[in-house]
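Chains R and V, in that order, are what the protein sequence lines are.
Note that our numbering has the first sequence beginning at 1, numbered continuously upward.
Note that our numbering has the second sequence beginning at 1, numbered continuously upward.
Do not rely on the hints blindly, as some may be mistaken.
Each pair of labels, with its calculated beta carbon distance range [as the list claims (entries may be wrong)]:
| hint | chain 1 | residue 1 | chain 2 | residue 2 | range |
| --- | --- | --- | --- | --- | --- |
| 1 | R | 8 | V | 167 | 19 to 29 Å |
| 2 | V | 438 | R | 23 | 13 to 23 Å |
| 3 | R | 27 | V | 128 | 46 to 56 Å |
| 4 | V | 110 | R | 69 | 18 to 28 Å |
| 5 | R | 76 | V | 148 | 24 to 34 Å |
| 6 | R | 3 | V | 159 | 56 to 66 Å |
| 7 | V | 151 | R | 8 | 15 to 25 Å |
Just so you have them, the derived chain R footprint on chain V, three or more residues with Cβ under 8 Å [as the list claims (entries may be wrong)]:
| hint | region |
| --- | --- |
| 8 | 66-79 |
| 9 | 237-248 |
| 10 | 263-277 |
| 11 | 468-478 |
Sample of chain R residues with no beta-carbon within 12 Å of chain V, all distances over it, derived [what the hints assert, rightly or not]:
| hint | residue |
| --- | --- |
| 12 | 4 |
| 13 | 8 |
| 14 | 11 |
| 15 | 14 |
| 16 | 15 |
| 17 | 19 |
| 18 | 21 |
| 19 | 30 |
| 20 | 31 |
| 21 | 33 |
| 22 | 34 |
| 23 | 35 |
| 24 | 43 |
| 25 | 76 |
| 26 | 82 |
What the hints contain is simulated information worked out from the structure, not anything from laboratory work.
Treat the numbers as computed from the prediction; the structure is a model and nothing was measured.
C-beta atoms are modelled at their ideal positions from N, C-alpha and C, and glycine is treated no differently.
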Amino acid sequence: MVLDKLKTLIGKVMQGYNIDLDAITMASTLKGDLGFSSISMLLMAIAIEEEFHITIHQLDGDTFLTVGDACDYIERALAAKK
Amino acid sequence: MQQENLAFRPFMDEADFDRITRPPTINALLRECRGYGELPACAWSGQERSFEELAADVARTRGFLLTLGLPPGARVGLLMGNDYDFVRLFYALVTLGCTAVPFMMNTPPEALIAMIHKSELSALIYGEMIAPLAQNLRPAAPALRFLAASGCGYGAEAPESADVAPATPAVILFTSGTTGKPKGTVLSHGALMRGAFNGCFGYRGVFHQRYYALIPFAHVFGLVRSLLTAHLTGSLLYLCLDMKAFVRDLPVARPSIMALVPALADALYSIAMGYGMDALGGNLRLIIAGGAPVPPSLIQRFGALGIMVAPGYGLTETANLVSGNPAPEQKPDSVGLIYEGQDYRLVDGELWLKGDNLMLGYYNDPEETAAAMQDGYFRTGDLARVDAEGYLYITGRIKNLIILPNGENVSPEELENLVCTLPIVKDCLVQEDVNDFGIPIIAARVFPDDRACAAAGITDALAAIQAGVLALNRKLPSYKQIVKVTLSDTDFLQGGTKKVR
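Using the sequences plus the hints, can you model the full thing?
Shown next, in the form of structure tokens:
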């Protein structure tokens, strides 16, 4: 579920870059496989906060290397909210 | 009427030009700022402080700091974001004659510990956001006083120190340098104020502007060109408490001037295109761009929106502002005219600088200081030329350093050494590359150790090295992470240890 939503967000953040969303897996690296720049990382963090109503600690965003890292973080933050 | 930087006068409102002053110390700056009275000095999340209130808050923060019994000239670390606590603590410390040592929040813990020891801190004040990290640092510096910024409140109003002179050290700012070993650049009150003064030249509308402080104050560009120039010109500084908040902040902050690295300026352009100019606050006139080469296309695209992008050139060691471009549309490739108060030389194409904006040296590092200086000049490591009209162009680098569009400097050597710690790697070459979308990235070409791979039963060396690099990346700040790994079938030695680049 989280992965599907995240894929949609990635598609929005990387609009115009023709990312193949179906090819995205938990192991996909944001900067390497998906071509994220430091600014797209920032924009994705903003998009995640709005979509999932969670707060990403300013420094934690730096630790997202793979799509799986972001998914795990979101799931942990959602669980902590319950 | 002031007479410096006359070359910039034709590009400015004459009344502005004549009004600019250069306080010799930050103490003098704050005394001058009191004259701005009830005008707003800082704003954030619905709060505001006038210049008068700021001066009083700084005096009362001094009162608190005096209760700590810090030794004269103490060095005090500031590990926090661009919040009001930073502003009042920074001003209070330096006007007491202490040296502020601001740290970037994304500094990895090991590097922070090295910097803490190197700068011989008496205390470290940390922001709320960074509290867990500060806790982790404690065991590595058991003798150091750790203070939460929220606990550093206000005491009775205390006067500034009478001993502060232009040559008094005000800050130590750490740079990674070409070997990745952190160096603490010591800047005096006089150097910082020269930088803040230079920031007033080359554009229309200097006084009573609205600034948005997106670049960290722990970076010389944010400290000098955002904080100090804003206050010197009686301008409001809207504080960016969290990088992620900037999209929400801009319509409220309504900045007229922003100091930005090119990557962030590019992001603003995308926002303006996608959501209209009001998304930037509808008030933006000037972007001071620095930290990395500014693409001329950025100047043209913003120019079409009526926003001037003015590239500048500066280094931590030069209190940021060496040159600024007052005519970017005519000279888009130039970093501008060199501000006065500096002597420059071009030696074998390398830019050497001397002037009162120069650092006092690297703290506790006579060897590095001596290596950086020659004949009284600071060797920038940048290759440059100056045209007939006095415009400076940066054409390359002597030092082996990757400069990314977000202004971060990365030492290839440091990353190469790190990759070579992987047991299946024999040699490595780290270079700047671009990804499929044209975005600059850090790439590593790796020469695998076939014997070690065979011994470990590894058949896919590339996959194994990629996994190893991913693990290394987890310990690196985002901007240093190696994005692309390719294999090489030879090593990179050429006559001794010199790498081919």
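In rising order, the numbers of the hints this structure does not comply with = Result: hints 1, 3, 7, 8, 15, 16, 17, 19, 20, 21, 22, 23, 24 break, sorted rising.
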